[in-house]
Amino acid sequence: MMESTQDKDEQNSQDDSEVDDEVEPRLKYVRMRNDVINILQKDAASCIAVHPKFLCLGSHWGTIHILDHQGNSIESKSLQAHTVAVNQISIDQNGDFIASCSNDGRVFIYGLYSIENNHNMSTGHWVKSIAIDPKYHKSGSGRRFIIGEDKLVLYEKTFLSRMKPTILWEAEGGVRSIAWAGQFVAWASDTGVRVYDLNARCSLGLIKWAGTIEAIPEHYRCNLRWSDDRTLLIGWVDTVRICQIKKLSNRELVNRELSEFVVEPVSTFQVDFFISGIAPLENQLVLLGCLKEPAENGKSQRPTLHVIEPKFEDFNIVCANSLSLRGYEEYSCNDYHLDCLIEENRFFIVSPKDIVVASLYDADDRIEWLLSHRKFEKALEAVTVNGGKDCKHTVTDVGRVYLDHLLSCEKYDKAGKLCLTILGQNKKLWEEEVYKFAKVHQLRTISAYLPRGDVTLDPHIYEMVLYEYLKLDPDGFLQLVKEWSPKLYTVTAVVNMVLGHFLVHTNNQQQHVLLEALAILYSHDGKYDKALAMYLKLRHKDVFSLIQKHQLYNSVYDMIEGLMDLDADRAIQFFLEKDRVPSEIVVQKLQNNHRYLYMYLDALDKKDTKDSKGKYHGLLVRLYADYSRDKLLPLLRRSDNYPIQQALDICSQKKFYPEMVYLLGRIGNTSQALQLMTRELNDMESAIAFCQEHDDEELWNDLINYSLDKPDAITFLLQKIGTYVDPRLMVQRIEPTLEIPGLKKALVKMMCDYNLQVSVQEGCKKILSSDYFNLHERLVKCHQKGIFIDDDQMCGACHRKIIVREPRNLVVFYCKHSFHEECLPNLQVVENCVICNPQKDTSPGRK
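In terms of my numbering, the sequence shown opens at residue 699 and continues consecutively.
By construction, these hints were calculated from the structure, which means they are not laboratory data. There's no promise every hint is true.
Label pairs and their calculated CB-CB ranges [to be verified]:
#, residue 1, residue 2, range
1, G1122, D1227, 41 to 47 Å
2, R1336, S1369, 24 to 30 Å
3, G996, T937, 22 to 28 Å
4, D1060, G793, 22 to 28 Å
Straight line, CA to CA, 20 Å or less: simulated EDC-like cross-link-like pairs of lysine to aspartate or glutamate [claimed, not checked]:
#, residue 1, residue 2
5, K1247, E1181
6, K740, D1111
7, K1090, E1066
8, K836, D927
Every residue, glycine too, gets a C-beta built ideally from N, C-alpha and C.
Can you build the whole structure from these sequences, using the hints too?
Following this line, the structure appears as structure tokens:
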């Protein structure tokens, strides 16, 4: 089995992976166990090669161990391929053949399923690197492999199964490492990295090292890896390069006789550590490195595994983990190796005495890390995004851990909001979490988020919340009573709760709030009489809504004056709407409050219903006289439904002279009315209008007599009466010695008006006389002809207008229907009107 690098057995040293608390890691680490432990106790690892089916571990004693990915031996015994340490192992694409090399000069090719193409050959030189053809397992592939010594040599199978060596390139200083992908082979020498096209048998280019050959340390291994068939990753000392194999266009190939491909660097940058291995991770890189500076005790520091995001000439560090591998204090950069399964994003980190496997965090790993580092919000976001797929963590589980954390940090409002996300429609979980809020007296915080729709909790939960509000926040309690449906809790229990609390707290403001809450609760409980009494006591306008909602119209008969006290306008509107309350009852209940009665009857009169029209006008006269005099005279003028004498008495008491004038005029006492206008109101214009309206000679005399001793009145009267009465009536009676201001102008005005009046009368007389004689003449002419018709009469036959003055014969029947003579061609035969009954004897009179 494989064991986490954080296993307790390894606590004698530091954890296998130390992750920066502030940076979320991308990789998790597991130490390889099982048979690997026994192997590394007796021997030391020198290299590794990983295939999706298995892995091969080379040792310092020249042995190759074939293991599964959990560290279990697959072969019954190990392969003793060399006499000294294995330098490199290569596996073909299908996982059928293994190739290895060593400083003993031997090259070892071993088939796992067949020995037909096995080789165990000696070169006589140190062989630092080897690469087997990825298609070595296929017949016809040539069974090729490449070794690196002081030169690069290709071996391929020829006729009679002989292996033919071909020197591909003379390497400067020896071949340090080889990587083979498809038709391309890359190898590193002291000069740099060269890429070779096996199909074209030519070099695609050289990626040179910086500096001189002498400056390159011999003991540093160059790390080469193909991330795909066209992308080469290079890690050398502290420099990373990414190169791309580019296919040339036809235009670029015109003057080129070699390969159609060329190698181009796409990214180059330096890091602050020595590189022990390089591997791709999606669009990022994984680098195994050793710090350049030793520890304080002079020994090596832990190796580090970096995940970086490369740029053109720079990079971003995604995460960096220090690895505590066994014996790391004694090892250098070349003692570590890194291999990977690109498809699975798994990375095998090898030291002489230890193997650790790094893999991407899955959803559970990431959530566990976030929870352990108290990043609860990100953990909840991660499990929400994952949606529960292949994940043991659920939104509810992570959310409840986060919720406990928020409660411990006293972030109660945030915790309440979180309940909506994590608890959903789960009634049991809601009730469990609500009790946690109850323990810290924060039920008020969660109250806004409690489910109140299709899913509801036990009534006791809502009652607990209401009780906490009642004790600590009476205003909030009232608001909840208004908002919450009474179905959520037991109304009687809450009422008793409020009554009990009422006895203890005597604060007036709190009592007011609690009374309003009680009114709402009583209405929820169907005790509307108590609710109405509460509202009226509080003078709360919700009483109207309560009455309308529950149709409590009969219950308000004894509350009419109270409702008027609360809101007179709304109460009147309520009484009049659809005649909910009979007017007789309202008038009876308001008879001792004349102002409210005035407001109601005024609104009732405006509504103008048939049943009440004029019914209360007698009472309204008194009320208008007391509260709204401007409405009194219009009422007196438009209505006949009030006692005139009673109205006159009221106006006399209050000395409302204009109203008295109108009433006196109605009862025929015009003389007294004129006296009021002249003596009390001093309104000569109205007096003149009054006299003109009644057209009474006696009234005019009274008005003239009143004005004779008042010069200003005489002047005004002389200017106004010229068109109504003979001015001589007044002029002859003026005292000759009386000084009258503006007399001349007044007389001129009077004479002009009088002359105008005479002129108009004479003109009218002439017109009348002319019309009389003209009409009389026409009438005489018609009589002479025996015709008695109107000017607008039409001929019964042709329907043209009959003109009496036209010199043509007319036929007029006794039925008064008229015809032109030419319209009746058979006049000798016609005895009856052709319009009326032709059988009736209607002999015409013809003239």
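Here's how the hints hold up against the structure:
1. G1122 <-> D1227: 41 to 47 Å: holds (43 Å)
2. R1336 <-> S1369: 24 to 30 Å: Once the Cβ atoms are compared, 26 Å apart, the range 24 to 30 Å for S1369 and R1336 holds.
3. G996 <-> T937: 22 to 28 Å: holds (26 Å)
4. D1060 <-> G793: 22 to 28 Å: holds (26 Å)
5. K1247 <-> E1181: Cα-Cα ~16 Å, so holds.
6. K740 <-> D1111: This hinted pair is violated, its Cα atoms lying about 61 Å apart.
7. K1090 <-> E1066: Within the cut-off at roughly 10 Å; holds.
8. K836 <-> D927: holds (19 Å)
In terms of the numbered hints stated before, the structure departs from hint 6 and from no other.
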